[in-house]
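**Student:** With the hints as extra help, turn the sequences into a complete structure.
Residue numbers (this note's numbering), protein chains in the order written: chain Y, 124 to 461; chain R, 2 to 245; chain G, 640 to 785; chain F, 21 to 392.
Hints listed in this document are in silico derivations from the structure and should not be mistaken for laboratory results. Hints are not guaranteed to be accurate.
Just a few of them, taken from the derived set where beta-carbon distance is under 8 Å, the chain Y residues facing chain G [stated by the list, open to error]:
id, residue
1, His-159
2, Arg-162
3, Ile-164
4, Tyr-423
Stretches of chain G that chain F covers, calculated by requiring three or more beta carbons in the stretch to come under 8 Å of a beta carbon on chain F [unchecked claim]:
id, region
5, 675–686
6, 693–700
7, 734–747
Positions of the beta carbon are idealized from the N, C-alpha and C atoms, including for glycine.
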Amino acid sequence: MDTSIWRPILYLIGVMAFAGVNAAWLGWCERKGAGHIQRRIGPKEVGPFGLLQPLADGIKLMTKQLLVPQGVDGILFRVAPVLAMIPAITSMVAIPFSATVHARPIELSVLLIFALASIGMMAILLGGWASNNKYSLISAARSVSQNVAYEIPMLVTVITIVMLSGSMNLEEIALQQQGGFWNWYIFPIAGQSIAQAVIMPISFLIFFTCSVAETNRAPFDMAEAESELVAGHMTEYGSMGFGLFMMGEYLNIVVGACLTAVLFFGGWDSPLPFIPSGVLWFVLKIYLLIFIFIWIRWTYPRTQIYKLLNLSWKILIPFSLAILLLTAVFIKIEGILI
Amino acid sequence: MSIIRETKWALLELFPEQKATEAEAEVAAWNKILADARAKAEAEAAAKAKAAAKAAEKAGEKTEAGEKAPEEALPPESPPAEETAEAEEEPVPEMDPEGDPPVSIEPEGQRSPGILVRDYRARGVHLDVLCSPDQVVETAQLLTDAGFFLESVTGVDWIKEEQMEVDYDFTRTDGPLCRVVVRVRLPRSAPEIPTVSDICPGANWHERETHDFFGIKFIGHPYLVPILLPEDADYHPLLKDFTP
Amino acid sequence: MNEYWRDILYGTKSLFIGLKVTGPEFFKPVITEQYPHFVPVMKERFRGHIELTRNEETGGSNCVVCGMCQRACPSSCITVEGEKPEGSKKKVLTKYILDFTKCSLCGSCVESCNFNAIQFSKEYNLASTNKSDYIFDLVKRLEEKR
Amino acid sequence: MTEPILCTPDETFVLNLGPQHPATHGVLRVKLTMDGEYIVEAEPVLGYIHRMHEKMAENGTFAQFMPNTPRMDYLSALSFNQGYCMAVERAAGIEVPERAEYIRTITVELNRISSHLLWWGAFLLDLGGFTPLLYAFDDREKILDLLEHVTGSRLTYCYYRFGGVYNDIDDEFTTGTREFIKRLRSRMPSLYHDLVTGNIILIKRLRDIGHISPEVCRKYGATGPVLRGSGIEYDVRKNEPYSIYPELDFDIPHYPEGDSMARYMVRMDEIEQSLRIIEQCLDKLPGGPVQAKVPKTLKPPAGDCYAAVEAAKGTFSCRLICDGDKKPYRLKLRSPCFSNLSLFGEIAEGMLLADALAVMGSLDLVIPEIDR
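**Tutor:** Listed below in structure tokens is the structure:
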């Protein structure tokens, strides 16, 4: 391992830049995406294609006063937005962008990312609680139950992957899927048994649904729920406090997309072996996934909290457990057969 | 039977005087109709008797039917509407027992409590009931039981007559159309009327609104606070002598 | 239990159908009007605020100061004044004020006019931070138009 | 299903929903006593946009009140226009020419569709789906263009006059309307039903939620799609035929379930029925004048009369009391949403906040019309 001081610094800058740019411009992507799905243009006035819109928004948010309403818990109120950002950025450390572009190879990177994701949920809880607002409080309560419910099936599907790959290192998991799309875990025709190939798409659907729910995106945006809770945990936030929450949300999407790309789409692997693999493939995959996130958000109405919990406890968890069991069986049978 | 006639007779329970006179009038009208019918039948029979024997036979039947009717029309106590409905199957031109009651004549001057049948095409209502304040709950109950629902409650300020009017509009959702308006006149100085909101909960808001606009007190109303006006409003804008 | 499976299958299908509907819309051309860049043309019957009709012969107004519009207006936002010049039978319009802050664009005034003296303008870009900008002197406007 | 566990009053809290809240569509305030996310008691508080239209009516002539009517329910302005016109026509004994009645029916049905389309979009907005609103607006825009072409305004049309309509329609309008019918029919199955009606999330959120029984409807005097969603086949257009409706062939959609989904389906079907009505009217459209001879200053004889129409939200009726003067002595406007909202307090009890908002959306409230 290269122990030069420049490597961490370069990666620090790189990760921060990647996170910052994404956090800002995903807002633009979302607005453009929403616009075109709804047959309108979206932002267009600031800069070419409205590309400078996030900059304008950022300047606006930063020049506003950070208002701390009376009766709130001052420290928690200020800490919450920061807490929304930090875990998301930190998660970037563990993500292998390609075989070479990788901040820090961590043996248990899967675990690390999930641990950090749970802290991200704390931001909503704290922000909602500290705001001293009834809507925020309801939002906080909702987000906790939602995150608890959805972390279980998500982790169970990840365990399936871990069992297939035999590793909890994201880099290792990606490496196992190299060599064309038939090696990817979404549809592993090669490398695994055929039966495995049939159940993995379902596993992917479960994982994807959970990552939509984990990132608090529509149709699972229970915490924000604009038409019910005004803005949920963000109701009392203005200026950059609000900005940080928004950026945190987008970063969570990026992390979710990265994780999905690594776990199910072979990371930086190109779909066909004769095309060289590389970081570009990874970026392409995560943006395609982010587009699906946006596409989903602007297609469906919002679920309701109990329906959402029903979906998790009655459908996703049993199914993910069944898949886990089946995978274990298939692996065992394969072991016996070979 | 026509729903209007049915409702009218149901409501007439509240106005025994009018009921008696109406029943009398009805019976009289019926007797007249039947007499006419009989006379007509007799005339026909007579005319036809001159003709072939077949025709005479037919005329005989008609006379029979005519003779049967007056007996049933005799007792005035029982509701005539029902009895008359059974009485005759022959088409009657002036008063059809299955059809709507005739339009009442507009009374001169101040109207006394009772029911008027209105011309729907001109007024948009079929029955126009004027009752006293203490009858309004009973009326609402009667109409609700008959399948009507309360559409709106409103007031009118008759400043020249020193009176206030409360109008209840009833209609029904099933079957043929029948609109009933129940009016109550109150003294303008102390407009008070019992609430009907426990019979038709929908009246709750309408009564609150009427209280807002006219200051009419609905006695027994569970929550008579301003609904459309500000909560501290102590004025009643729809009074004719209201100046902002 | 049956319902459970049906829900899952039907639900998944309906969600994909939803995506199938919105997906193609993403690639279709936009339908919105880019307002400040493309200014729409108002329909023939568009009811803007009123203006005085120009008489082609005299170049002035058709108005005879009968005051019908003033009376017809539900929100009394029209003030018409005229005077009789010496030796003339007809009144001549001197002042026609439209208080556009009160106008609800109902068109009662135009309808009530028997002399075809007022018509609807096609103006709709009316915005100002000053209330007095909406007190229109229509006589002046007519002259300006000329 | 989860049953609400209601706790003692000191454990509840009061949530002020509105007067400014994304889901109340205007300035309605609902005072909710909540137990966690469950509603213990809901009390709508009205009057934030009260303008005392009824007093305004008493202060002006009959014609001068006309521009006020569209300002009540600005989404189906023409129904209100028609209701008031009918009341005055009835009081003054004015006969409306046949062509004018046809034009009224065409325009009022177009207006009904536009109201339902907007409701559809706004309802989905309440449920958190933003895109359908824009699709609905796309179609609604076509209606607004058509109506602007004949009436001259886009929202608060003041198009009907006592004894007729203000302007005749032209070929451009009729061909445009036919095109619109074709367009909406082609868009309905995919953009409306595939995307939304069949969506499992929507079905799960609406089915068996906000059940309103026919008895509750009758108790509170609810009308329109709310009543029809409870399985009662009541429509003023059929039950109390006015204008040319008796000559037209259309159905009254009604669903017996009484839940939010039933109300949703009623409105979606009504769009289809309105299209049918418009089509028939366009086919039958007779010639002739569009305005009867009516004196400039109307002085109906003393007496009172009542007129009801089916507005997009329910029965709108006017009680007009004249005293022989050129001004109405008293005009009572019975707006449908006022009654439809009054049952909300009863049905919202024990409901989840999210469901209550969905139910409120399914009642299709227009606040200026409630507050008048």
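**Student:** Next step is simple, just say for each hint if it's right about the structure.
**Tutor:** For each hint, the structure was consulted:
{"no.": "1", "hint": "His-159", "result": "holds (5 Å)"}
{"no.": "2", "hint": "Arg-162", "result": "holds (5 Å)"}
{"no.": "3", "hint": "Ile-164", "result": "holds (5 Å)"}
{"no.": "4", "hint": "Tyr-423", "result": "holds (6 Å)"}
{"no.": "5", "hint": "675–686", "result": "holds (count 5)"}
{"no.": "6", "hint": "693–700", "result": "violated (count 0)"}
{"no.": "7", "hint": "734–747", "result": "holds (count 5)"}
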